[in-house]
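With chain A's structure known, arrange chain B on it following the hints.
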Amino acid sequence: MKRRLKDRNSEGILFVLPALIYMIFMIGYPLIYNIILSFKNLDVKTFKGNTAIFVGLDNYKAILADEVFRKAFGNTVQYTVFCLLIQFTIGFIFALFFSKKFPLAGPIRGLLLVAYMMPMSVTALLGRNMFGVTEGVINDILLNLGMIQKPIEWLISSKTAIWSVIIANSWVGIPFNMLLLTTGLSNIPQDVYESASIDGANGIQKFFYMTLPLLKSSMLSVLMLGLIYTFKVFDLVYIMTSGGPVNSTEMLATYSYKLSFGQYKFSMGSASSVILFLCLFVVGIGYLRLTMNEEAN
Amino acid sequence: MKKRGMALLLGAALTVGLLSGCGSGAGSAPAETTKAETAAATAGSPAETSPPVGSGQKEQVQLWHYFSASNQEVLEKMIKEFNESQDEIEVVPTYIARADLMRQYTMGALSGELPDIGMVDSPDMASFISMGVFEDITEELNAWGQLDAFYEGPMSSCTVDGKIYGLPQNTNCLALYYNIDLLESAGLTEEDVPTTWEELMDVAKKTTTADQFGFAMCAKGTEEGTFTFIPWLYSAGADINTLDSDEAVYAMDFIASMAKEGVMSSEAVNWGQTDVRDAFIAGKAAMMQNGSWQIVTLDELAESSGFRYGCAYLPMDQKNATVLGGENFGICAGGNKEKAFKFFEFMMGKEGNAQFNVQAGKFPVRSDSMAMESIWTENEKYKVFSESMNFAVARGPHAEWPTISEGIYSALQAAILGEKEPQQAMQEAAEKAASVLN
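Protein sequences appear in the order of chains A and B. Counted the way the working numbering counts, the first sequence spans residues 1 to 297. Counted the way the working numbering counts, the second sequence spans residues 1 to 438.
Treat the hints as calculated values from the structure; they're not laboratory data. Please note that the accuracy of each hint is not assured.
In silico DSS-like cross-links for lysine-lysine, where the CA-CA straight-line distance does not exceed 27 Å [stated by the list, open to error]:
id, chain 1, residue 1, chain 2, residue 2
1, A, Lys-150, B, Lys-319
2, B, Lys-163, B, Lys-284
3, A, Lys-101, A, Lys-71
4, A, Lys-100, A, Lys-206
5, B, Lys-284, B, Lys-206
6, A, Lys-216, A, Lys-206
7, A, Lys-159, B, Lys-260
8, B, Lys-381, A, Lys-159
9, B, Lys-432, A, Lys-150
10, A, Lys-232, A, Lys-61
11, A, Lys-48, B, Lys-163
12, B, Lys-77, A, Lys-159
13, A, Lys-45, B, Lys-420
14, B, Lys-383, A, Lys-71
15, B, Lys-205, A, Lys-45
16, A, Lys-150, B, Lys-420
17, B, Lys-339, B, Lys-420
18, B, Lys-319, B, Lys-205
19, B, Lys-206, A, Lys-150
20, A, Lys-71, A, Lys-216
21, A, Lys-232, A, Lys-40
22, B, Lys-381, B, Lys-206
23, B, Lys-432, A, Lys-61
24, B, Lys-163, A, Lys-45
25, B, Lys-432, A, Lys-48
26, A, Lys-216, A, Lys-101
27, B, Lys-337, B, Lys-205
28, B, Lys-80, B, Lys-342
29, B, Lys-337, B, Lys-58
30, B, Lys-337, A, Lys-48
31, A, Lys-71, B, Lys-339
32, B, Lys-337, A, Lys-150
33, B, Lys-80, B, Lys-350
34, B, Lys-58, B, Lys-420
35, B, Lys-432, A, Lys-40
36, B, Lys-77, B, Lys-337
37, B, Lys-432, A, Lys-159
38, B, Lys-77, A, Lys-48
39, A, Lys-100, A, Lys-216
40, B, Lys-260, B, Lys-319
Small disclaimer: the values here were computed from a predicted structure and weren't measured.
Looking at chain B on its own, in the form it has when it is part of the complex:
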């Protein structure tokens, strides 16, 4: 009898343990899976800000983003300002590392666990719109009446079939950075900064020594690699519909030749844009292709250690070209549309957009915001980027952009490493793109 009693007791304990294990599944923080840990390790520190205690009466609006470090501070400051300015709505921001966040949207599209407002990288938005993550807010936006102020390029990434699902919040583009000291030690001055591809090869050769490379760019096997290649593609006169054209092959060939000639490190295939910047800062590269958001860090370095650098348009082949980046915010399906839109009006308004972008070192997406701060048109470095916006192309928008992107960055890696001839590499990229572009 005693034995049976013990058996039953233990059996009950096991069952209780099982049920409590099941119970903690729902509503767990997004960063809890081991996959999340591994992805987060590559994406950066996955700190999760705990949402402030709701002040009872206010309605909460959940906002998910992946801004880190200083950008995160700027965003949270603005949110706090908004929360304190009115009594109805409390916006609660949650930081989720980028790779995890994209996965959360995918899972949320199925499970319904989406925030009210979500942030995505501009080329990713089309896929999520197609999957039903974001809500159509065309009506509300038209009623708001401020759409005309927004630049076309960034807006296009939020629009599918004429319907608008969100708003761009910041934009950026790529240009050329050069290290003045390294140029001078090669006997060159700022006048010699290259404007064409031939000049780039020339200057790169002159500035390549045993300790440094002339040029650095990112060729990582992710969207960053594609992001880096697009300006070269368009500058040669091709586009994503003509990836196997002679012009496109020429562009890839030129990049491969830079690696072959030894003016660019093949380790680029493992470098993201942050790694490229780090190499530039360490004096391992005389010139680099990188984005406008690096100016903040480089300026800090310039102030603290006298690092001398400058910016210029990306060298061109047939025409000037660069690529648009930036983040968009959208209102998620099943979210509190009305209240979330009120926050949109604040953050995406003329002042809001200018305020965020000037503090975060990014570019506004509205022409009237751009006019509010002189830094973008008068600071010699920011000016290069704002002028480059005139010939910047957006990626896509296309719901299956990831497939096209994969074809491009695979070709880029294969060409740089000499695994495939540029002709063959671009042929395969074109086939991949063709499978989704039709």
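Bound-form chain A, shown alone:
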């Protein structure tokens, strides 16, 4: 008995080893290097010959005092919250809608997925064109429908620019949410609903007291994945607005990139990205805790 367990353990380790090696080199090493870099003062002056020295928490103090960083942090939070709200709600509605078996439900659902499958750069360029103030399709439609009197200054006003990227990202994220929730919905056995009907439950009660609790794990994973992916947005925002008029769409990821590769302040950029990492790390740990509890139950 003991010998067989030992064999299985060593087999298991062998299977995990390639992925483990990959992660150590591709993810672990850059991560550790980045963290070390954030404690040094590497910039354009200390680059040559690598004369950067350790400066402790100076970079973190500087970045937390930086007005643009604070704006970027606020923007990222606002962006993530609203994206998740919109994507999740509409994705859920679509998932419920398309779970009813009506003709063409399958193909239409497949078409909706195209939005998620398109390369982000293409979506961003499309967004940039569609949200144009004078030439954009969206303003055109809204004006013709009479919903607005004068064109909305989507990408040039610092108040509306962030909504342009939120809407563009929601368009991409809705199919993703819908997909995962559909899978969750299809895992719920129908007889549970039947017995509830026999007991006299109506539609709304069925939804709130049965569907939602049974979907809990799906909803959790959708929200967590969505949060992590949305929080670290880079390509969509960088191409659509490049940080936006006057930093109104600057995100943590785009700001870290600009610090490192635009201004050659490598250590500051590292500090900024470490803070981004820590935020998501906490969220990730929380998620793992919750799923491990679920699996234990």
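Chain B only, in chain A's frame:
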């Protein structure tokens, strides 16, 4: 037993897959990262010319550049000419979209994967010199003995602490373009083309209608925005050391007022110089501030569709001012200095410089090259720019120019959009600049 065999086989397959994934990392083409794709999408078509097969005996000299379209053709033609003219060296050009190329230099400074010759935009060179991307070639240049022919402004961007790290290859500056038809429909003639800021506001107001703006300029949140603002700053009598002075605030205030009065579109904050040119061509702007390199396209348009336009000095406040642009070539650290320099002698020689610039529609950086072709002094449009060179200022050079630049274009955007008062915007720009100018 069978199960164990399968397990081992699959484990081996996984490991092989992992190792082959690691192997393809080194030497991959620069355009392969997803970041490169996104940056390239904004910078233009990222075509990568595959290097021609080396002819065996010749030593290869790698050259990286970001010239696109017609400029790229001119460069490659000259390189081919050089390659065919001698047996020792083969120059291999590689096009890399500009944003990616700058990143490649940064990464190459660390990894050592640099070309023999690299091209940069003039204000960026100081940063790369500081990072050790380019080699000191002062000795070789002095031995060559032709440095005196080069103009001072462009040369300054290649020089740090008295040492020279490369040579400028072309230069340009900004001036005013005007659409003759749109002027005439407002009842004005070429005589009314503005020479001062007051006149500019006046003419712009007269030529602004429901379908078009009087004036267009680029105010993008990148170096292009800074490039556009510098002439206004200097014309008012300020400079990058006095960004919070009354004169500087006045300059920013004037630009903000153009947006406020509605003679200039606020969409300028998203426009690069190419977008400004496109708006001008589409008749959306009666006048524009743009660079000498646009003449080629505008002339083609003039020939094909009768588009009538003219050029004039940028309107002035206290004095005439404009800004120098252009590209430099340097020999990279760890590169084949000797062989690369031979190519330099060809391309940066009197004839080479004249040949490239006249075909590419740019300006030479040598006074003797300038004298070789009459177009720069006799063509009425090119003349405006070559005369403007006399009062053109270079940006920097400063290793941390990107930080100063960021302060300036942020202020420009905030002022045009009315987010901040010009006074406050310039104050913040001055603080940013002060952090690196000391």
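### Task
Taking the numbered hints from earlier one at a time, note which ones the structure violates and give those numbers from smallest to largest.
Those not satisfied are hints 1, 2, 3, 8, 9, 12, 13, 14, 15, 17, 20, 27, 31, 32, 34 and 38.
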